[in-house]
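Novice: Starting from the known structure of chain A, arrange chain B on it as the hints suggest.
Protein chains: 2
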Amino acid sequence: MTTIRDVAKKAGVSVATVSRYLNGNGYVSKDAEKAVEAAVKELDYEINQVARSLNTKKSNLIGLILPDITNPFFPELARAVEDVALTYGYTVILCNSDENPEKERNYTEQLKKKYIGGFIVISNQLDAPHYTDIKLPIVALDRAINESVPIVSSNNREGAALGTRALLDRGCRNILFLRGPEELNPANDRYEGFMAEIDGADAHFSVLTGPFHFEESEELVESFLKAHPETDGIFASSDVSAAGALKAAHKLGIDVPEDLQIIGFDGISMGEMLSPGLTTVAQDIYEMGAVAARMLIKLIENQPLEERFHEVPVKLIVRGTTRSVRT
Amino acid sequence: MTTIRDVAKKAGVSVATVSRYLNGNGYVSKDAEKAVEAAVKELDYEINQVARSLNTKKSNLIGLILPDITNPFFPELARAVEDVALTYGYTVILCNSDENPEKERNYTEQLKKKYIGGFIVISNQLDAPHYTDIKLPIVALDRAINESVPIVSSNNREGAALGTRALLDRGCRNILFLRGPEELNPANDRYEGFMAEIDGADAHFSVLTGPFHFEESEELVESFLKAHPETDGIFASSDVSAAGALKAAHKLGIDVPEDLQIIGFDGISMGEMLSPGLTTVAQDIYEMGAVAARMLIKLIENQPLEERFHEVPVKLIVRGTTRSVRT
Numbered sequence: 000m001t002t003i004r005d006v007a008k009k010a011g012v013s014v015a016t017v018s019r020y021l022n023g024n025g026y027v028s029k030d031a032e033k034a035v036e037a038a039v040k041e042l043d044y045e046i047n048q049v050a051r052s053l054n055t056k057k058s059n060l061i062g063l064i065l066p067d068i069t070n071p072f073f074p075e076l077a078r079a080v081e082d083v084a085l086t087y088g089y090t091v092i093l094c095n096s097d098e099n100p101e102k103e104r105n106y107t108e109q110l111k112k113k114y115i116g117g118f119i120v121i122s123n124q125l126d127a128p129h130y131t132d133i134k135l136p137i138v139a140l141d142r143a144i145n146e147s148v149p150i151v152s153s154n155n156r157e158g159a160a161l162g163t164r165a166l167l168d169r170g171c172r173n174i175l176f177l178r179g180p181e182e183l184n185p186a187n188d189r190y191e192g193f194m195a196e197i198d199g200a201d202a203h204f205s206v207l208t209g210p211f212h213f214e215e216s217e218e219l220v221e222s223f224l225k226a227h228p229e230t231d232g233i234f235a236s237s238d239v240s241a242a243g244a245l246k247a248a249h250k251l252g253i254d255v256p257e258d259l260q261i262i263g264f265d266g267i268s269m270g271e272m273l274s275p276g277l278t279t280v281a282q283d284i285y286e287m288g289a290v291a292a293r294m295l296i297k298l299i300e301n302q303p304l305e306e307r308f309h310e311v312p313v314k315l316i317v318r319g320t321t322r323s324v325r326t
Numbered sequence: 000m001t002t003i004r005d006v007a008k009k010a011g012v013s014v015a016t017v018s019r020y021l022n023g024n025g026y027v028s029k030d031a032e033k034a035v036e037a038a039v040k041e042l043d044y045e046i047n048q049v050a051r052s053l054n055t056k057k058s059n060l061i062g063l064i065l066p067d068i069t070n071p072f073f074p075e076l077a078r079a080v081e082d083v084a085l086t087y088g089y090t091v092i093l094c095n096s097d098e099n100p101e102k103e104r105n106y107t108e109q110l111k112k113k114y115i116g117g118f119i120v121i122s123n124q125l126d127a128p129h130y131t132d133i134k135l136p137i138v139a140l141d142r143a144i145n146e147s148v149p150i151v152s153s154n155n156r157e158g159a160a161l162g163t164r165a166l167l168d169r170g171c172r173n174i175l176f177l178r179g180p181e182e183l184n185p186a187n188d189r190y191e192g193f194m195a196e197i198d199g200a201d202a203h204f205s206v207l208t209g210p211f212h213f214e215e216s217e218e219l220v221e222s223f224l225k226a227h228p229e230t231d232g233i234f235a236s237s238d239v240s241a242a243g244a245l246k247a248a249h250k251l252g253i254d255v256p257e258d259l260q261i262i263g264f265d266g267i268s269m270g271e272m273l274s275p276g277l278t279t280v281a282q283d284i285y286e287m288g289a290v291a292a293r294m295l296i297k298l299i300e301n302q303p304l305e306e307r308f309h310e311v312p313v314k315l316i317v318r319g320t321t322r323s324v325r326t
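So the protein sequences, as listed, match chains A and B. In this text, residue positions in the first sequence follow numbering that gives the first Met the number 0: the first is 0, and each later residue adds one. In this text, residue positions in the second sequence follow numbering that gives the first Met the number 0: the first is 0, and each later residue adds one.
Honestly, I wouldn't trust all of these hints.
[To be verified] Derived pair list, reagent style BS3-like, types lysine-lysine, alpha-carbon separation capped at 25 Å:
| hint | chain 1 | residue 1 | chain 2 | residue 2 |
| --- | --- | --- | --- | --- |
| 1 | A | Lys-102 | B | Lys-40 |
| 2 | B | Lys-111 | A | Lys-111 |
| 3 | A | Lys-250 | A | Lys-297 |
| 4 | B | Lys-297 | B | Lys-111 |
| 5 | A | Lys-102 | B | Lys-29 |
| 6 | A | Lys-29 | B | Lys-8 |
| 7 | B | Lys-8 | B | Lys-33 |
| 8 | B | Lys-102 | A | Lys-33 |
| 9 | A | Lys-40 | B | Lys-102 |
| 10 | A | Lys-297 | A | Lys-9 |
| 11 | A | Lys-250 | B | Lys-250 |
| 12 | A | Lys-102 | B | Lys-102 |
| 13 | B | Lys-33 | A | Lys-102 |
Treat the hints as calculated values from the structure; they're not laboratory data.
In isolation and in its complexed conformation, chain A is listed as follows:
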């Protein structure tokens, strides 16, 4: 039977792109659309046919364990996981863990006794026995800890270097870095990327550590800006923190981007709704979820993985919270 992978290969695009096209969700370029259409036709790929396998597979349930679906980073991931899963005839059980190891254990222990095929896990607890001893396929998403578990994440270090360089190139010389929680690997990678890039640059910098949380970031930044009015650039490790920083600047009457430039990290859609629109280091969140789902399904179906560590590239999206590059 023709698979979505065959279609992707034929069309010369990613599995995620084919999935987006088939599910009618998310951006697909005109060129990719044409290529996928042609490949579907040529390979005689029956779209609705796959959904029928919903009824024929044994373990066609995937558990998606994430901290909290109301954190705006996770819905896009969940959407991608579900899209790809559906395309392959799987359905997705949503598990909000609140980063509580006890809740995660409950989910894994109870679901593994039933019909679950495997888990996609966003957690800091990957070393815990309920993951290491599970004897079911697991793919880690966003956060790597346990090296025995395949992982999909962004290139966080490079992304942070990119964001830092963007502030320096735009003339910032007094930069505040809003570091995320120390227990989160992606936050630490971003911190390292910032430190590597700022090292030796002709700029002063400070680092504040805080949660990826709007109100707390707003309060942290407001206090900091009052004490350090010379600050001319803020690089936040998440878009939600960046939104808090922008709000603090507005509250203090600071002109963004003229007197203070702000860059976030994530690329969630909320960024464009802010005024000015948020410049950010964007992760390809949909691609991350799609690749993780594809990897898990391969594991469930005993297919070989081409790679156990997949890093998704990031890119800078320039909006209104930064000025043009000074040459």
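Specialist: Only chain B this time, still in chain A's reference frame:
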């Protein structure tokens, strides 16, 4: 066995509040927290015990069919459904329909052949055969169409009257109402609420119909404000549309709230991240999801429903896009 309902009754709070407390998610007042703690203790209610029933029930899967989890209104609903489901030993399958009847039909037809206990459905398609002939419990959420299906929704009409009155009370005399899609009952109820309240008021008004979509709302409002600079109030039928209106105002250099006041509808957390913060008619989104989940579980477990139509009250949250009331 003591149930969560017993705890709620004893504590004098809603099932949703107990669920929030047990799952450590969402706001619970100090008073409610104390009452729930006391009730849990007095009734000797074992929190982890319920999760064990995950493994003992036959149909412990709930299908949650919603348009798109990346629309910021739905993650809060999904979170509440999952929290309550978990408390009762159920798990939730996430189904993104893209409001595509074919996808909805696929989900219901395939899942009903398996182990699904019932569905919570957010859809305009409730009259379709795959719902009317399903022979499984269904609860409609947010959107009522088919009267044979129990429904949980906000008091949309009253909410719209509340928002309209808020603009009038704050001196607005040239009001633009951003109406939502005509195929959506909640959007129509909001339109009726607006019309009932504006009728006879000493104010001019216009109505523009558009999707609950940021960019399209921004464009619609930008054109309108250019043609009608006398506009001093905008009431948008969703927070995302209101964010678009605010962005348009900023783009045109219009002072919000001094020269133009804006009110949204929904109460999603993004509203507070905007500058100024968005005044909005807030739905109790979590309560809606929690009540719907409780109703569905009752139906699955053959318990009587006390009501087939549950309307959740709304309230006005005043932030920075409106001025103080003129007396």
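Novice: Are the hints correct? Go through all of them and say.
Specialist: Here is what the structure says about each hint:
1. A C-alpha spacing of about 21 Å is found between A/Lys-102 and B/Lys-40, which places the hinted pair at or below 25 Å, so the restraint holds.
2. With a C-alpha separation of about 21 Å, the suggested pair B/Lys-111 and A/Lys-111 falls inside the 25 Å cut-off, and the hint holds.
3. With a CA separation close to 50 Å, the supplied pair A/Lys-250 and A/Lys-297 exceeds the 25 Å bound.
4. At most 25 Å may separate the alpha-carbon atoms for a hinted pair to count; B/Lys-297 and B/Lys-111 meet this at roughly 18 Å.
5. At roughly 24 Å between alpha-carbon atoms, A/Lys-102 and B/Lys-29 fall within 25 Å of each other, so this suggested pair holds.
6. Proposed proximity of A/Lys-29 and B/Lys-8 is contradicted: the alpha carbons are some 57 Å apart, above 25 Å.
7. Between B/Lys-8 and B/Lys-33, the direct Cα distance comes to roughly 14 Å. Compliance with the 25 Å bound is thereby established for this hinted pair.
8. Restraint check: the Cα-Cα separation between B/Lys-102 and A/Lys-33 comes to about 23 Å, which is no more than 25 Å; the hinted pair holds.
9. Between A/Lys-40 and B/Lys-102 the CA atoms are separated by roughly 21 Å; this keeps the pair inside 25 Å, and the hint holds.
10. For the hint linking A/Lys-297 to A/Lys-9, the alpha-carbon distance of about 19 Å falls within 25 Å, and the restraint holds.
11. Between A/Lys-250 and B/Lys-250 the alpha-carbon distance is near 19 Å, which keeps this suggested pair within the 25 Å criterion.
12. A threshold of 25 Å between alpha carbons decides the hint, and for A/Lys-102 with B/Lys-102 the separation of about 31 Å lies outside it, so the pair is violated.
13. At roughly 23 Å between alpha-carbon atoms, B/Lys-33 and A/Lys-102 fall within 25 Å of each other, so this suggested pair holds.
Of the numbered hints given earlier, the model fails hints 3, 6, 12; all others are met.
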